[in-house]
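S.K.: Sequence:
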Amino acid sequence: MKSKSIVGGIILPLRLVTSWLFLSAVLRRLILAPGKHDFDSPMWIGHKINTFFPHSNGPFKAMLGYLVENPIQMNWFTYVFTYSELIVGILLLVGFASRFTGLLLASLGIGLMHTAGWLGPTCLDEWQIASLLTTVGGVMLLFGSGSYSLDNYFNTKYPSLPKNKYWFYTTDPNLLLNSKYYKTIILSFSTVAVLYVMGTNQLLHGGVWGNLHNYSTKPDFVLDNFHKEGNIVSFDALRDKGPETYGAFITKVILLDSEENKIKEIDLSSKNKEDISLHNYYINKANFNSQSLVFPLGAKANVSIFATKDTNGIMLVDISGREFTIH
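Numbering-wise, the sequence shown is residues 1 to 327 according to my numbering.
Please note that a few of the clues may not be correct.
[To be verified] Below are the PhoX-like pairs computed for lysine-lysine, each with C-alpha atoms no more than 20 Å apart in a straight line:
1) LYS48 - LYS285
2) LYS262 - LYS252
3) LYS262 - LYS228
4) LYS252 - LYS264
[What the hints assert, rightly or not] Pairwise CB distance ranges, derived in the manner of DEER restraints:
5) GLU323 - ILE87: 43 to 51 Å
6) LEU175 - LYS61: 32 to 40 Å
7) VAL80 - MET43: 17 to 25 Å
Treat the hints as calculated values from the structure; they're not laboratory data.
Just so you know, these numbers come straight off a predicted model, no measurement behind them.
Even for Gly, the Cβ is constructed at its ideal location relative to N, Cα and C.
Go ahead and model the full structure; you've got the sequences and the hints to work with.
M.R.: This is the structure:
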């Protein structure tokens with residue numbers, strides 16, 4: 001009984017704080033800022049999820065790749081995601097089915113890690129949050145919620161309930177404490193947790209050895225699929241790096257010949273944009289403003305330009321003077 005109370009006392013503040021992380025997100029999306037679930041609003045969280053895509057990894061990249069190309073399915077996914085957070089937040093708050101809740105929490109943390117873990121221009125925000133959520137979920141998976149929980153209330157009120165093996169394995173805090181493998185399990189979990197956090201830190205940010213990198217600090221473009229047909233040249237442009245809070249601004253498009261000599265310069269700060277057309281692939285869309293061609297993070301577009309017949313390359317110049325070339 002004492003060990004159950006100690007476990008409950010340690011896990012209670014972790015449960016309550018983590019619960020509020022999820023419930024506050026639901027509160028923002030459904031009540032305080034309902035535009036986050038408005039498909040036609042610039043606040044729609046589908047745009048936020050699109051920013052995860054460029055450096056997501058594993059099976060999550062394939063999933064996001066499908067969603068960013070299919071806005072209707074993305075809209076459904078945003079609701080599934082929000083209500084999943086609501087369910088986990090409530091389960092954490094009341095301490096019900098605690099090991100199952102821990103599994104859900106760890107799963108959400110891993111999902112966040114491998115989709116948005118690369119984001120964070122200053123403090124690697126998403127990686128840090130995902131690391132803590134995954135670890136807290138693992139702790140709850142091992143120990144449950146202890147005395148200060150709905151699990152304990154039902155176990156006390158209905159003494160026969162723990163005899164159900166499914167309920168027992170889902171809720172009993174003494175399951176691990178009474179195991180002869182206690183030390184082995186704790187040391188193994190701690191080792192796996194540390195290696196996972198360090199491994200993702202290295203994978204996403206080079207934070208353990210080698211060159212430290214942060215893909216959220218400086219806008220960058222991946223240019224490919226260059227094609228020329230008559231007087232039309234086209235290519236695909238993906239903005240895969242830089243802050244998620246504002247776009248990258250292309251101010252000039254320069255046509256190049258086979259020796260990379262300048263043939264023509266199109267200044268996008270003028271009204272001379274009629275020679276350029278865009279076909280967007282994803283939810284986040286490239287577009288023209290009065291001064292430039294704007295690419296939000298995660299936007300991918302096919303850019304077609306009316307050019308001279310001797311054009312064999314294109315150079316994009318952003319507002320800072322950085323150049324991106326494709327042939």
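S.K.: Would you mind marking each hint as holding or not holding in the structure?
M.R.: Evaluation of the provided hints:
A distance of roughly 12 Å separates the Cα atoms of LYS48 and LYS285; the hinted pair therefore holds under the 20 Å criterion. Restraint check: the Cα-Cα separation between LYS262 and LYS252 comes to about 12 Å, which is no more than 20 Å; the hinted pair holds. Simply put, LYS262 and LYS228 have alpha-carbon atoms about 17 Å apart, close enough for the 20 Å limit, and the pair holds. The straight-line distance between the Cα atoms of LYS252 and LYS264 is roughly 10 Å, inside the 20 Å bound, and the hint therefore holds.
Against the hinted window of 43 to 51 Å, the Cβ-Cβ separation of GLU323 and ILE87 comes to about 49 Å, which satisfies the hint. A C-beta distance of roughly 36 Å is found between LEU175 and LYS61, which places it inside the suggested range of 32 to 40 Å. At about 19 Å, the beta-carbon gap between VAL80 and MET43 stays in the expected band of 17 to 25 Å.
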